[in-house]
Amino acid sequence: MPLIYYKLLDLACVIGIVFGIRLMNSPETARKGNLIGAVSILIAISATMIGSQIVHLKALWISMASGAVIGSLLAVYVTMTQMPQLVALLNGFGGAASAIVALVVLTGAAVDISGIAKLPGVLALVIGSITFSGSLVAVAKLDGRITPLPVILRGHFILNLLTLIAIGILIPITILAPSGTAAIFSVLSMLVSLIFGLLFVIRIGGADMPIAISLLNSLSGIAAATVGLATSNLLVVAVGAIVGSAGIVLTKIMCRAMNSSILDVLMGKTALSTPQTTPGSVGPDVSPQNAPTAESIDAAVDKAAAIIHAAKKIIIVPGYGMALAQAQGQLKRLLDVFEEKGKKVKFAIHPVAGRMPGHMNVLLAEVEVPYDKLSPMENVNPEFEQTDVALVVGANDVVNPAAKTAQGTPIYGMPVLDVSEADYVIICNKDTRPGYAGVNNPLYLPNKNIILILGDAAETLDKLLEKL
Amino acid sequence: MNDWLLPILFIIAALAGYRLITDVPSLLHTPLMSGMNALSGVTVSGALVAAALAVGTRSQFFGAVAVVLATINVVGGFLVTDRMLKMFKHDKS
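Listed in order, the protein sequences are those of chains A and B. Letter 302 of the first sequence, counting from 1, is numbered 302 in my numbering, and no numbers are missing. Letter 13 of the second sequence, counting from 1, is numbered 1013 in my numbering, and no numbers are missing.
Derived from the structure by calculation, the hints contain no laboratory data. Check before you lean on any hint, since a few could be wrong.
Think about it this way: if two alpha-carbon atoms lie no more than 25 Å apart in a straight line, the pair counts; the simulated BS3-like pairs of lysine-lysine are [to be verified]:
1. 1089(B) to 373(A)
2. 467(A) to 1086(B)
3. 332(A) to 1086(B)
4. 32(A) to 1086(B)
5. 1089(B) to 32(A)
6. 1089(B) to 7(A)
7. 343(A) to 1089(B)
8. 1086(B) to 341(A)
9. 430(A) to 303(A)
10. 346(A) to 1086(B)
11. 313(A) to 1089(B)
A few chain A positions that, by computed beta-carbon distances, are all more than 12 Å from chain B [as the list claims (entries may be wrong)]:
12. 12
13. 31
14. 47
15. 140
16. 168
17. 178
18. 181
19. 237
20. 242
21. 302
22. 333
23. 356
24. 379
25. 404
26. 412
27. 420
Ranges between beta-carbon positions, derived for each pair [said to hold, decoys possible]:
28. 1090(B) to 164(A): 20 to 30 Å
29. 1012(B) to 333(A): 47 to 57 Å
30. 456(A) to 1055(B): 51 to 61 Å
31. 153(A) to 1022(B): 33 to 43 Å
32. 5(A) to 1015(B): 35 to 45 Å
33. 373(A) to 1015(B): 27 to 37 Å
34. 53(A) to 1056(B): 13 to 23 Å
35. 1004(B) to 145(A): 37 to 47 Å
36. 1011(B) to 385(A): 16 to 26 Å
37. 1012(B) to 164(A): 28 to 38 Å
38. 252(A) to 1011(B): 38 to 48 Å
Quick reminder that beta carbons are idealized off the backbone N, C-alpha and C, glycines included.
Make a model of the complete structure from these sequences and hints.
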């Protein structure tokens, strides 16, 4: 079959993938869209193997089979709470694969390339390596293997800058190097890029992870696209570019929701990762709460139950604390109880609640909360005014009204859920410590319309369920 | 293939991707991201050719490693996306 047919087949696969992503715009059709994408990739891989006449190579089949088994196991056994780690890990693998392909193309392929034709290969090497090490650091942070807090080395900014400059110098050197030394410079570029990825992500804090993951996702796509340019592969160029810009869109959405910019993230000074020398010293003063006793918790639960009993409309606001306490099941039971009693119930989802974009939705969908009960912030915010009770479960920064008033604090200007507009606010948080941003939350101040039930959210909600 | 064709394709695809992703509701951002993640494993296509064309045992070994990693990315990504999307259900009442 002439080469042109394979190119046309590749193009058809690209169109299939675009159509598949288009179907991702509604939960009704998204599953079909994902399937179309997967089938397109399968066809493209088969076409590559047949077209390049490499079907007979057993090593390739063994490699693909082992990758498929490992991938399936990861996909089946991961919990929804661990989803950010898995996405970051897979992302890292994709980046590593791109970097390795680039290395092979640059140093050990049968085809001899030289001069400017090496540019995409070198870029793929650099971007793929950054994606790989950056993603692994993100996995370690998300999985609690290293501290989720920003790790800032002495002279971190200078180090970042120096590694970037080194990469900038190594790229042309690797391109222009005579074939004898090209391998050395390729490996050197890879090492420096790996260091940059590490330095770049290590200083990003846990709450900023949605931005970091989106950005790394974008980088893995760009790495793939440059591999496509280096290997003249139409499909890989197109799909890599789509993934690259998808990651940028998500990064932008996350940045907007956190009141920071892509540039800020690149410079390592995102709103929530700015270290507070004395945590909690920023924003309005919160008088220290007395440690909750069993009696005070019971009293608060009784009061909350009475308020809920009288309420007609309730909005539930979940945060990452819900995931930490694994209180999703309790929330679903509350939803059922509320609806049985004829109350109107909604969930308000802040775009950066959780550790990756849309994380809360997946956690709640897993416990069978229907997706039409999950409202994004911009839709639900005007509704708090007509709401009897806002029930906050494990959320802090995303409901902190200080974001509107406390100028000069890291969260100032960040859009938040207006829970205090509701008649009553019931807060089921672990403690009254400030969130990641280190800004005190005025909702914790004594207020007759705010009921604070401190402790493990799952236990608190169990008690509440008993009373209802 | 012409030298300029692929860079142009890159730009068109990036713009199309931008448009497509903007339309996806925040409700589906997690599965969207893992789906995009799976797609970035398309680099497996390049890895296969590189592994096959590699000269020398070391390069062949690296090529095989790239194929394994990219396949984990593709297969794991699509399966986990499907697992998540399966959970999203409409309110029956």
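Comparing the hints with the structure gives:
{"no.": "1", "hint": "1089(B) to 373(A)", "in the structure": "holds (10 Å)"}
{"no.": "2", "hint": "467(A) to 1086(B)", "in the structure": "violated (34 Å)"}
{"no.": "3", "hint": "332(A) to 1086(B)", "in the structure": "holds (18 Å)"}
{"no.": "4", "hint": "32(A) to 1086(B)", "in the structure": "holds (10 Å)"}
{"no.": "5", "hint": "1089(B) to 32(A)", "in the structure": "holds (14 Å)"}
{"no.": "6", "hint": "1089(B) to 7(A)", "in the structure": "violated (39 Å)"}
{"no.": "7", "hint": "343(A) to 1089(B)", "in the structure": "holds (21 Å)"}
{"no.": "8", "hint": "1086(B) to 341(A)", "in the structure": "violated (29 Å)"}
{"no.": "9", "hint": "430(A) to 303(A)", "in the structure": "holds (18 Å)"}
{"no.": "10", "hint": "346(A) to 1086(B)", "in the structure": "holds (21 Å)"}
{"no.": "11", "hint": "313(A) to 1089(B)", "in the structure": "holds (22 Å)"}
{"no.": "12", "hint": "12", "in the structure": "holds (14 Å)"}
{"no.": "13", "hint": "31", "in the structure": "violated (4 Å)"}
{"no.": "14", "hint": "47", "in the structure": "violated (9 Å)"}
{"no.": "15", "hint": "140", "in the structure": "holds (18 Å)"}
{"no.": "16", "hint": "168", "in the structure": "holds (21 Å)"}
{"no.": "17", "hint": "178", "in the structure": "holds (18 Å)"}
{"no.": "18", "hint": "181", "in the structure": "holds (17 Å)"}
{"no.": "19", "hint": "237", "in the structure": "violated (5 Å)"}
{"no.": "20", "hint": "242", "in the structure": "violated (3 Å)"}
{"no.": "21", "hint": "302", "in the structure": "holds (30 Å)"}
{"no.": "22", "hint": "333", "in the structure": "holds (16 Å)"}
{"no.": "23", "hint": "356", "in the structure": "violated (6 Å)"}
{"no.": "24", "hint": "379", "in the structure": "violated (10 Å)"}
{"no.": "25", "hint": "404", "in the structure": "holds (22 Å)"}
{"no.": "26", "hint": "412", "in the structure": "holds (23 Å)"}
{"no.": "27", "hint": "420", "in the structure": "holds (23 Å)"}
{"no.": "28", "hint": "1090(B) to 164(A): 20 to 30 Å", "in the structure": "violated (48 Å)"}
{"no.": "29", "hint": "1012(B) to 333(A): 47 to 57 Å", "in the structure": "holds (49 Å)"}
{"no.": "30", "hint": "456(A) to 1055(B): 51 to 61 Å", "in the structure": "holds (60 Å)"}
{"no.": "31", "hint": "153(A) to 1022(B): 33 to 43 Å", "in the structure": "holds (37 Å)"}
{"no.": "32", "hint": "5(A) to 1015(B): 35 to 45 Å", "in the structure": "violated (27 Å)"}
{"no.": "33", "hint": "373(A) to 1015(B): 27 to 37 Å", "in the structure": "holds (35 Å)"}
{"no.": "34", "hint": "53(A) to 1056(B): 13 to 23 Å", "in the structure": "holds (20 Å)"}
{"no.": "35", "hint": "1004(B) to 145(A): 37 to 47 Å", "in the structure": "holds (46 Å)"}
{"no.": "36", "hint": "1011(B) to 385(A): 16 to 26 Å", "in the structure": "violated (46 Å)"}
{"no.": "37", "hint": "1012(B) to 164(A): 28 to 38 Å", "in the structure": "holds (29 Å)"}
{"no.": "38", "hint": "252(A) to 1011(B): 38 to 48 Å", "in the structure": "violated (18 Å)"}
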